[in-house]
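Protein sequence lines correspond, in order, to chains A and B.
Going by my numbering, the first sequence runs without a break in its numbering and finishes at 735.
Going by my numbering, the second sequence runs without a break in its numbering and finishes at 331.
Any given hint could turn out to be false.
Reference listing, derived: stretches of chain B covered by chain A, where coverage requires no fewer than 3 residues with Cβ under 8 Å from a Cβ of chain A [claimed, not checked]:
id: 1; segment: 181 to 188
id: 2; segment: 236 to 247
id: 3; segment: 305 to 317
Pulled from the structure, derived: some chain B residues nowhere near chain A, Cβ distances all over 12 Å [to be verified]:
id: 4; residue: 26
id: 5; residue: 34
id: 6; residue: 36
id: 7; residue: 41
id: 8; residue: 52
id: 9; residue: 53
id: 10; residue: 60
id: 11; residue: 136
id: 12; residue: 143
id: 13; residue: 177
id: 14; residue: 203
id: 15; residue: 207
id: 16; residue: 281
id: 17; residue: 282
id: 18; residue: 287
By construction, these hints were calculated from the structure, which means they are not laboratory data.
We put the beta carbon where it would ideally sit given N, CA and C, even for glycine.
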Amino acid sequence: MTTVEQRTGLVGQGVDRVDGPLKVTGAARYPNDFSYPDLAYAALVRSTVAAGRISRLDTAAALASPGVLAVITHQNAPRLERAPDSGLTAPPPPLQDDRITFHGQYVAVVVADSAEEATAAARRVEAEYEPAEPILDMGDPRAEWITDPWGTDSSRGDLKGALASAEVRFEATYTTAANSNSPMGLFSTVAVWDGDDLTIHDSTQWPSYLRKAIAQVFSLPEGNVRVLCPYVGGAFGAGLRAWPHIMLAALAARTVGRPVKLVLTRPEMFTGVGHRTASEQCVKLGATRDGRLVALAHESTTPLQIEGTQFEPCTAGSASAYACPNVITRDRQVRLNIPWCNFMRAPGEAQGNFALESAMDELAYELGMDPLELRLRNYSEDNPRLELPWSSKSLRECYEVGAERFGWSRRSPEPGSMRDGDSLIGYGVAGVSFFWYQEPCEARATLRKDGTAVVRSAVTDIGTGTYTVMTQLSAECLGLDMAHVTFELGDSDLPAGAAAGGSGLTAAVGSAVQAACRNLVRAFLDTVRDDPTSPLQGCTIDEVSVGGGRIHRIDAPESGEAYADILAAHGIGELSADGSSTPNDPKVAGMAPSGAFAARFVEVRVDPDLGLMQVARVVSVVDAGRILNEKTATSQIMGGTVGGIGMAMLEEIVTDPGTGRVANATFGDYLIPVNADIPDMEVAFVGRPDRFNSVGVKGVGEIGLVGIGAAIANAVHHATGRRVRSLPITIEQLF
Amino acid sequence: MREFEYVRAGEVGQAVAMVTADPETSYLAGGTTQLDLMKDGVLAPDRLVDITRLPLGGVTRDGDVLRVGALASMEELAADPTVAERLPFLREALLMGASPQLRNMATIGGNLLQRTRCRYFRDPAVSACNKRRRGTGCAAVQEVARMHAILGASEHCIALHPSDMAVALVALDAVVHLLGAGGSRSVPIREFYLLPGDTPDVENVLRHGELITAVEVPLLPPGARSTYLKVRDRASYEFALTSAAVALRIDGGVIGEARVAMGGVGTVPWRATTTEQMLEGSPPSPEVFAAAAELAITDPYVVPGTAFKVELAKRTVARALRTAATQGGPR
Numbered sequence: 001m002t003t004v005e006q007r008t009g010l011v012g013q014g015v016d017r018v019d020g021p022l023k024v025t026g027a028a029r030y031p032n033d034f035s036y037p038d039l040a041y042a043a044l045v046r047s048t049v050a051a052g053r054i055s056r057l058d059t060a061a062a063l064a065s066p067g068v069l070a071v072i073t074h075q076n077a078p079r080l081e082r083a084p085d086s087g088l089t090a091p092p093p094p095l096q097d098d099r100i101t102f103h104g105q106y107v108a109v110v111v112a113d114s115a116e117e118a119t120a121a122a123r124r125v126e127a128e129y130e131p132a133e134p135i136l137d138m139g140d141p142r143a144e145w146i147t148d149p150w151g152t153d154s155s156r157g158d159l160k161g162a163l164a165s166a167e168v169r170f171e172a173t174y175t176t177a178a179n180s181n182s183p184m185g186l187f188s189t190v191a192v193w194d195g196d197d198l199t200i201h202d203s204t205q206w207p208s209y210l211r212k213a214i215a216q217v218f219s220l221p222e223g224n225v226r227v228l229c230p231y232v233g234g235a236f237g238a239g240l241r242a243w244p245h246i247m248l249a250a251l252a253a254r255t256v257g258r259p260v261k262l263v264l265t266r267p268e269m270f271t272g273v274g275h276r277t278a279s280e281q282c283v284k285l286g287a288t289r290d291g292r293l294v295a296l297a298h299e300s301t302t303p304l305q306i307e308g309t310q311f312e313p314c315t316a317g318s319a320s321a322y323a324c325p326n327v328i329t330r331d332r333q334v335r336l337n338i339p340w341c342n343f344m345r346a347p348g349e350a351q352g353n354f355a356l357e358s359a360m361d362e363l364a365y366e367l368g369m370d371p372l373e374l375r376l377r378n379y380s381e382d383n384p385r386l387e388l389p390w391s392s393k394s395l396r397e398c399y400e401v402g403a404e405r406f407g408w409s410r411r412s413p414e415p416g417s418m419r420d421g422d423s424l425i426g427y428g429v430a431g432v433s434f435f436w437y438q439e440p441c442e443a444r445a446t447l448r449k450d451g452t453a454v455v456r457s458a459v460t461d462i463g464t465g466t467y468t469v470m471t472q473l474s475a476e477c478l479g480l481d482m483a484h485v486t487f488e489l490g491d492s493d494l495p496a497g498a499a500a501g502g503s504g505l506t507a508a509v510g511s512a513v514q515a516a517c518r519n520l521v522r523a524f525l526d527t528v529r530d531d532p533t534s535p536l537q538g539c540t541i542d543e544v545s546v547g548g549g550r551i552h553r554i555d556a557p558e559s560g561e562a563y564a565d566i567l568a569a570h571g572i573g574e575l576s577a578d579g580s581s582t583p584n585d586p587k588v589a590g591m592a593p594s595g596a597f598a599a600r601f602v603e604v605r606v607d608p609d610l611g612l613m614q615v616a617r618v619v620s621v622v623d624a625g626r627i628l629n630e631k632t633a634t635s636q637i638m639g640g641t642v643g644g645i646g647m648a649m650l651e652e653i654v655t656d657p658g659t660g661r662v663a664n665a666t667f668g669d670y671l672i673p674v675n676a677d678i679p680d681m682e683v684a685f686v687g688r689p690d691r692f693n694s695v696g697v698k699g700v701g702e703i704g705l706v707g708i709g710a711a712i713a714n715a716v717h718h719a720t721g722r723r724v725r726s727l728p729i730t731i732e733q734l735f
Numbered sequence: 001m002r003e004f005e006y007v008r009a010g011e012v013g014q015a016v017a018m019v020t021a022d023p024e025t026s027y028l029a030g031g032t033t034q035l036d037l038m039k040d041g042v043l044a045p046d047r048l049v050d051i052t053r054l055p056l057g058g059v060t061r062d063g064d065v066l067r068v069g070a071l072a073s074m075e076e077l078a079a080d081p082t083v084a085e086r087l088p089f090l091r092e093a094l095l096m097g098a099s100p101q102l103r104n105m106a107t108i109g110g111n112l113l114q115r116t117r118c119r120y121f122r123d124p125a126v127s128a129c130n131k132r133r134r135g136t137g138c139a140a141v142q143e144v145a146r147m148h149a150i151l152g153a154s155e156h157c158i159a160l161h162p163s164d165m166a167v168a169l170v171a172l173d174a175v176v177h178l179l180g181a182g183g184s185r186s187v188p189i190r191e192f193y194l195l196p197g198d199t200p201d202v203e204n205v206l207r208h209g210e211l212i213t214a215v216e217v218p219l220l221p222p223g224a225r226s227t228y229l230k231v232r233d234r235a236s237y238e239f240a241l242t243s244a245a246v247a248l249r250i251d252g253g254v255i256g257e258a259r260v261a262m263g264g265v266g267t268v269p270w271r272a273t274t275t276e277q278m279l280e281g282s283p284p285s286p287e288v289f290a291a292a293a294e295l296a297i298t299d300p301y302v303v304p305g306t307a308f309k310v311e312l313a314k315r316t317v318a319r320a321l322r323t324a325a326t327q328g329g330p331r
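Using the sequences and the hints, build the whole thing.
Below you can see the structure in the form of structure tokens.
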């Protein structure tokens, strides 16, 4: 196996999570673990129609219920402002009018002395509606369509002409179901007012934005709001928005003059914090007989909440996945009376990859070619959309190493030709070219007189390992043992942090941490610049290195001084420095920024009489640039793979066609994989440090989910000869 | 908060008297169904009588009959050596029926009475549910059904009986022992469950206050072959789309006795009697199994989401027959 270069020292090692002991002993405090004296509890009332108006709200019975402190509805709620854009328009503030736009919209919040009393009273709120006919189907002629919603559509060459003259043409439509993020940790908000100061504990992935949002909704100076989220019980993108329930918790707390805790129920998690949209996608391919792509068209339509916003480009990745001269990619959205669509691990990419990589597999069979060979034959050495070299790309190596580890050569090409007892065996492959994304980020590094450091940024660790990898990186940048470094996050009072989203956090915060640490070393050099007793006197940053808790001269490593000694000698309690990062500009850098790449190899076993399918093996080979921690990175790929198996085999939000109610909003009805569904998963990393950011990383948070759907569907075809073009692939489709 | 009274019964007669006297009082055993439905607002008893300390547990063998106390846990029954030896498919049904945590809480009596997983029944925000409130209609028929029944179903109700264990017990002709205020009685399990008809809220012959005290299960003859096959979306921890409990006695190349029951398809656990009749006296061949399985589903009531179950159920029966005949022998 080829491993990433420069994996020396602390960074790269698969060290245990620094927060592991806290988590396994229950000492890590998640948002709903926080309590305050006199804490009150809120429960929500949701609409039972998908469209229309509230015609009557009777809160008398609820108000008279034991322990109830307040019932807030649109009739008595104060006016709230809309939160600022986060790149996308924010959800509207809750309880501002009588209009209903989806089944499950909040129509009241009940506050009581206990959670049980609040829940019981919420059931006593009587709501009647003047229902309108909801728009629930993308085929509904009343539905509003949005073309090219984000300006990501692309076109190059002459698609029409190339398709018409192609030696081989292929076209098919693919669909994917709506999926629910539904992290284990129920989203929770604890809101505490102190005069006009507001503290919020929340399950957010983006405290710096949430603070802005809350401040604007309640017309407060930003400095009055503090958002705390040191631990989040999973989110998968659900924590990237300023959801209405957060505002309701704060509103409830202000109304009753007490701290308020609001914990969403599992059914509320299905309607209140977004979901992955369903998709309908058409892929057209044209190729030469020897398997060179000459035309590629990928069009997608996804639903959108009727007043909502969402960035879900299913086709954008297809513009740069393969070297093809004639390409069109198009995304459209259709507004429906459904709950808010939102980011879910690999938004757009998860659906789009399923369509593209299924179509490539189908084309390979049309051509009588090994599906792996077809992908290699159309490998894009440069980014064909930007016409710039990739900042790094080792996808070819992913395919080669993966094929070797998986034993792809043992595949017999004919579908249905591999059998073991009642089971048909199928091999499937999919390639993944994940998008690049990065936000600005700030960090601050501080060295204390005892020689320990604390590095801070208002980012989050949603289970991904940010605490751990940033501790490793900080320790390396400062030349300290990990035990002497603490990384603090999850507090909006810290330097403004990037969102834990778009697989971009590690590059963003890592670059800021590097900068802060380097600036901190500079600050130490400044301190000793005129100190004749210091061996570092007059040294510039480029003349020194760090290690063992000290700064030393590169040309004379024995000449150096410990941080603690410098602070003591100069009577300084601690020294801090800030650092920030902003994304590179591709044009200036002269390269196309790469996200991670991966090859996914899957073996399935299908019992064709009963439609039972088991994923038997998954081999994932990933080029994610420099790996900061082999263990947490592997865990990210494995966790993503489990999510991918869920998307491929089980997960589907079912909406009642008559009412727009989510029909399966429980873990009894919305199935996610259990251990018995998950095979041994082999993960390997290849590639070199990426050139687009100073840390050399490409995020691994999402790519693990991508490609699994197509690889499974392709393996199912290989096993059975049956091509399934819709996810999830259920028993009905296989027997 | 909706308050209710909780009483722990000291003796069986007292428990029966307490529940019989008040229509709003219910028994509480393992609570794996009762408490869920109370939390969801589907059930709202004024009083729960906890019977878990009553002397209604234990699994004892008396000749060729196993007497199972109503309060024996699923785990206890699954672990019983007689069950492993003489009722292996019942053991399989129990083990596939729930996670270890649930099996340790759930009782045999409670399992027989477990309520449907129909997601329209379980959400009080849905108004149309004849099982919750007679005469309100059936949302499952109108909206999206899948985990629903195709046998014994009608436009009034397609709620599925979800138990795996009960399928095996129906195949075995178990007998349910009941104690009411007026005395005790015994009901063959196939008469215990009632088809929904236009009264889906009435699920069995229990009168209010009547308590299941025990279940008597005839043992399979020595040398019988049996299996429980469960077809489900995930490999564990999920209810059946279709299932089959099959026991065969094969004598001299001929099926002497066949017991076949199906889960995942009926509003009650479903005995495939026509299939059994065809099997008995026939040789145990794949062709016979396939032909007999064809007879397992007659007059199904399907909606678009459940239509696939007709064929899947037949294949499930055919596979279970084949598995029982070839691999289901004494262990």
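(request) Please settle this one: residue 26 of chain B was flagged as non-interface, so is its CB more than 12 Å from every CB on chain A? (result) Residue 26 of chain B is indeed farther than 12 Å from all Cβ atoms of chain A, at 19 Å.
(message) Please check whether the beta-carbon of residue 60 of chain B is more than 12 Å away from every beta-carbon in chain A.
(response) Nearest chain A Cβ is 33 Å from residue 60 of chain B, so the label holds.
(message) According to the definition I'm using, a residue is off the interface if its beta carbon is farther than 12 Å from all beta carbons of the partner; does residue 53 of chain B meet that for chain A?
(response) Non-interface label on residue 53 of chain B holds, nearest chain A Cβ at 26 Å vs cutoff 12 Å.
(request) Taking the shortest Cβ-to-Cβ distance between residue 41 of chain B and chain A, state whether it exceeds 12 Å. (result) violated, 6 Å
(message) Over 12 Å from every CB of chain A: does residue 36 of chain B meet that, or does the non-interface label fail?
(response) violated, 9 Å
(request) Decide, holds or violated, for the assertion that all CB atoms of chain A are farther than 12 Å from the CB of residue 136 of chain B. (result) At about 14 Å from chain A, residue 136 of chain B clears the 12 Å cut-off, so the statement holds.
(message) Three residues or more, CB to CB closer than 8 Å: is that satisfied between the segment 236 to 247 of chain B and chain A?
(response) Since 4 is at least three, the answer is holds.
(message) Confirm or reject: residue 177 of chain B is not an interface residue toward chain A, with every Cβ-Cβ distance exceeding 12 Å.
(response) It holds; residue 177 of chain B is separated from chain A by about 31 Å at its closest Cβ, greater than 12 Å.
(request) Taking the shortest Cβ-to-Cβ distance between residue 282 of chain B and chain A, state whether it exceeds 12 Å. (result) Holds, since 21 Å exceeds 12 Å.
(message) According to the definition I'm using, a residue is off the interface if its beta carbon is farther than 12 Å from all beta carbons of the partner; does residue 281 of chain B meet that for chain A?
(response) holds, 26 Å
(message) A cut-off of 12 Å on Cβ-Cβ distance, and residue 203 of chain B was said to be off the interface with chain A. Does that hold?
(response) holds, 20 Å
(message) Cut-off 8 Å, C-beta pairs, minimum 3 residues; does the coverage of the segment 305 to 317 of chain B by chain A stand?
(response) holds (count 5)
The structure fails hints 1, 6, 7 and 12 (numbered hints given earlier, in ascending order).
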